[in-house]
Amino acid sequence: MPADFLYGVEVVLNGLMAGVMYALVALGFVLIFKASGIFNFAQGVMALFAALTLVGIMQGQVPFAHLINEIFGTEVHHFGWEVPALLAILLTLVVMIALAWSIQKFLFKHLVGQEPIILFMATIGLAYFLEGLGDLMWGSNIKTLDLGLPQGGSRWIEDATAGLGGDDFYGFFIDKLDLVATLVAIVLVLSLIAFSQYTKHGRAMRAVADDHQAALSVGISLNFIWVLVWSLAGLVALVAGVMWGAKSGVQFSLSLIALKALPVLMLGGFTSIPGAIVGGLIIGVGEKLFEYTIGAPFLGGATENWFAYMLALMFLVFRPQGLFGEKIIERV
Amino acid sequence: MKLQNLTAVALATALASGTAMADLVIPDLSYRTGAYAAGGTPFSDGFQDYLNMLNARDGGIGGEEIRIIECETGYNTEKGVECYESTKGEGALMYQPLSTGITYQLIPKATADKIPLHTMGYGRTSAANGEVFNWVFNYPANYWDAAGVIVNYLLGENDGDLNGKKIALVYHNSAYGKEPIRTLEALSEKHGFEFNPIAVDHPGQEQKSQWLQIRRERPDYVMMWGWGVMNQVAIQEAANIGFPMENFIGNWWSGAEHDVTPAGAAANGYKSLNMNRIGDLPVFEDIKKHVHEAGEAAGDGSNLGTVLYTRGMYAAMLAQEAIAKAQDIHGVSDVTPEMVRDGMEALAVTADRMSELGMEGIGPEFSVTCEDHGGSGLGIVQQWNAGDNKWVALTDYLEPNDEITAPLVEEDSAAFAAENNITPGCYKG
Numbered sequence: 001m002p003a004d005f006l007y008g009v010e011v012v013l014n015g016l017m018a019g020v021m022y023a024l025v026a027l028g029f030v031l032i033f034k035a036s037g038i039f040n041f042a043q044g045v046m047a048l049f050a051a052l053t054l055v056g057i058m059q060g061q062v063p064f065a066h067l068i069n070e071i072f073g074t075e076v077h078h079f080g081w082e083v084p085a086l087l088a089i090l091l092t093l094v095v096m097i098a099l100a101w102s103i104q105k106f107l108f109k110h111l112v113g114q115e116p117i118i119l120f121m122a123t124i125g126l127a128y129f130l131e132g133l134g135d136l137m138w139g140s141n142i143k144t145l146d147l148g149l150p151q152g153g154s155r156w157i158e159d160a161t162a163g164l165g166g167d168d169f170y171g172f173f174i175d176k177l178d179l180v181a182t183l184v185a186i187v188l189v190l191s192l193i194a195f196s197q198y199t200k201h202g203r204a205m206r207a208v209a210d211d212h213q214a215a216l217s218v219g220i221s222l223n224f225i226w227v228l229v230w231s232l233a234g235l236v237a238l239v240a241g242v243m244w245g246a247k248s249g250v251q252f253s254l255s256l257i258a259l260k261a262l263p264v265l266m267l268g269g270f271t272s273i274p275g276a277i278v279g280g281l282i283i284g285v286g287e288k289l290f291e292y293t294i295g296a297p298f299l300g301g302a303t304e305n306w307f308a309y310m311l312a313l314m315f316l317v318f319r320p321q322g323l324f325g326e327k328i329i330e331r332v
Numbered sequence: 333m334k335l336q337n338l339t340a341v342a343l344a345t346a347l348a349s350g351t352a353m354a355d356l357v358i359p360d361l362s363y364r365t366g367a368y369a370a371g372g373t374p375f376s377d378g379f380q381d382y383l384n385m386l387n388a389r390d391g392g393i394g395g396e397e398i399r400i401i402e403c404e405t406g407y408n409t410e411k412g413v414e415c416y417e418s419t420k421g422e423g424a425l426m427y428q429p430l431s432t433g434i435t436y437q438l439i440p441k442a443t444a445d446k447i448p449l450h451t452m453g454y455g456r457t458s459a460a461n462g463e464v465f466n467w468v469f470n471y472p473a474n475y476w477d478a479a480g481v482i483v484n485y486l487l488g489e490n491d492g493d494l495n496g497k498k499i500a501l502v503y504h505n506s507a508y509g510k511e512p513i514r515t516l517e518a519l520s521e522k523h524g525f526e527f528n529p530i531a532v533d534h535p536g537q538e539q540k541s542q543w544l545q546i547r548r549e550r551p552d553y554v555m556m557w558g559w560g561v562m563n564q565v566a567i568q569e570a571a572n573i574g575f576p577m578e579n580f581i582g583n584w585w586s587g588a589e590h591d592v593t594p595a596g597a598a599a600n601g602y603k604s605l606n607m608n609r610i611g612d613l614p615v616f617e618d619i620k621k622h623v624h625e626a627g628e629a630a631g632d633g634s635n636l637g638t639v640l641y642t643r644g645m646y647a648a649m650l651a652q653e654a655i656a657k658a659q660d661i662h663g664v665s666d667v668t669p670e671m672v673r674d675g676m677e678a679l680a681v682t683a684d685r686m687s688e689l690g691m692e693g694i695g696p697e698f699s700v701t702c703e704d705h706g707g708s709g710l711g712i713v714q715q716w717n718a719g720d721n722k723w724v725a726l727t728d729y730l731e732p733n734d735e736i737t738a739p740l741v742e743e744d745s746a747a748f749a750a751e752n753n754i755t756p757g758c759y760k761g
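As given, the protein sequences belong to chains A and B, one line each in that order. Using the working numbering, read the first sequence as starting at 1 and increasing by one per residue. Using the working numbering, read the second sequence as starting at 333 and increasing by one per residue.
No lab work stands behind these hints: they were computed from the structure. Please note that the accuracy of each hint is not assured.
A few chain A positions that, by computed beta-carbon distances, are all more than 12 angstroms from chain B [what the hints assert, rightly or not]:
#1 3
#2 87
#3 122
#4 183
#5 219
#6 271
Below, computed lysine-lysine pairings styled on DSS-like, alpha-carbon distance capped at 30 angstroms [unchecked claim]:
#7 B/522 to B/498
#8 B/498 to A/176
#9 A/176 to B/441
#10 B/760 to B/446
#11 B/420 to B/441
#12 B/441 to B/722
Pair by pair, the computed Cβ-Cβ distance ranges are [stated by the list, open to error]:
#13 A/72 to B/725: 38 to 48 angstroms
#14 A/107 to B/445: 42 to 52 angstroms
#15 A/183 to B/683: 53 to 63 angstroms
#16 A/87 to B/444: 55 to 65 angstroms
#17 A/94 to B/683: 49 to 59 angstroms
#18 A/152 to B/491: 42 to 52 angstroms
C-beta atoms are modelled at their ideal positions from N, C-alpha and C, and glycine is treated no differently.
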């Protein structure tokens, strides 16, 4: 087979896996929007905050160390121990649940019934607050996330496929971290679906998503469900933060991964978990193929960011609610 | 931002609202927050710690106390301009914008306000032409020098012959990242290597397409003009595709400790330029004694001796020398921005003076003239040793390629002069 064709296949495969990484971020947006109608601008910062907290706990860092030292004149930075990864993940989840409870208790409880734009603005404020809190708690230096996740191209796949083309083809490059991310995303999505289909709280969550007032009338606590939803979004943020943080170290630019999720949501719809996955895959493959075939050879490259949005806009023109979004029908 | 910095800003504001003090005002347009904080923090720590050390040890410069005004830009051009506007009235003697984007915006403003800019190793390269850019200085080196130094280094590695070699440039798709392209195109014509620029969009968190392209095209060398997360991701992706790290060379903004540590052992062998030598310097003892132990450190003290801390300190030293020179020229200690400009233009940094300051060999020797605001353009090549967790200098200060860059500086600055109705010539006051 010609090398150019095989490299095109390689681009598609890598685009699919990049799409999974985008979908991981988009899932958090979908969970909150579906249950509460809030477009959570802070989802990217939640991924950053979760990853910062995980590394901080693993490394035994004292939270708010700089603040403590300034106020009390001490010199404390570390507890002197390291926490095993699994325990650190569990402790981070506890922090994210506490954060979800606080967000509901101190912010959105007071904004019930407000216009969607007010709720959206509140999440913008929340994003900046969380970014500052993360800085104050854990510092702004880049942290290495060492969970033992495999990194680098799979030599086995490369060797096994090298013979498909001529001398100009070096085999397919597949990043082992992307393979892990794909597996994690599959498990995460299946777990979320199982939770929402087969558990009492999951069904309550769906009921709230369908109709708040009807759910309230049958005794479902909206407050509890919204805390639950923000907690699940915190879990998704942790997974996304870990996967993206493993590539680049945990640093404040992690919050910008939300920008990669927006075209995915526009394309897949704001209310569908399968939509986030399919949207991620389409965006991932689309932007990578465009860069490979047109962007790099003819337009000077770096086309992925804007092309993803253009692709989403093209879908939006024909299907404003996104591929899997719920069509809004208003009757007079 | 740390409480101490907040306190410093609040104190500076409070002082500014009172009677103007006869002190040397040096703004620090820092970025300790946001996506680029990991690079901005150590630079600012080094810059401030050194100036604070001068206050504590020497009573400032020439008997005048230094007043630092820190303003957080977040590496954002609009905020950087706001910082400039809000601090220039304090009597700012000079600005180091620490961002190419902010620099481009400040060049016309600072020129109109008659406040000198020092853009060390960044900013508008053709500002090296002092006859067009009377108020802008980019010594000791600029991006085009950096491109020349890298190519000269590669020539040395290849017995003086790059003919037929393939060299790619992975660059941040911004004014900063695009700066060396013209120079490298000219150098590729001169030396016969095939040059391929590959753009990475801001912030550079996702670079799969670019590194798949590099894997397909198999260049002999890859250069990098990156900043922030782009550096860490590029180094990780290079390791992922198995690109030989010793053939991957970043510029001086792609070669700090935090750029390589996230990739762990896989980053071993990665190279970068540096405009300042790193290592243990005697001046660090003075900083520890007079600043850190006194509880006056700009940060938590952990950045002391790192690449960017040392560069920030070097930038502060160059400011100190320019102010001292201005005091010397004009015979007053309480100098104005215009006098500092004169000091910058008469600056001569010698090996003896650097040793005297406890910074032996921190930078190359150079002198500034009315015509040449760019310095010597020399740079060293350093390599990351992941086992020892430190950068190791591979070379002494290497020459840039003035034969190529001088005409480009002339051409670009002439275009700027024509666009802005500037008649080139030395500043006459």
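Going down the list of hints, with the structure as the test:
no. : hint                               : in the structure
1   : 3                                  : 8 angstroms, violated
2   : 87                                 : 22 angstroms, holds
3   : 122                                : 21 angstroms, holds
4   : 183                                : 18 angstroms, holds
5   : 219                                : 45 angstroms, holds
6   : 271                                : 26 angstroms, holds
7   : B/522 to B/498                     : 14 angstroms, holds
8   : B/498 to A/176                     : 28 angstroms, holds
9   : A/176 to B/441                     : 50 angstroms, violated
10  : B/760 to B/446                     : 12 angstroms, holds
11  : B/420 to B/441                     : 11 angstroms, holds
12  : B/441 to B/722                     : 40 angstroms, violated
13  : A/72 to B/725: 38 to 48 angstroms  : 41 angstroms, holds
14  : A/107 to B/445: 42 to 52 angstroms : 43 angstroms, holds
15  : A/183 to B/683: 53 to 63 angstroms : 58 angstroms, holds
16  : A/87 to B/444: 55 to 65 angstroms  : 60 angstroms, holds
17  : A/94 to B/683: 49 to 59 angstroms  : 58 angstroms, holds
18  : A/152 to B/491: 42 to 52 angstroms : 33 angstroms, violated
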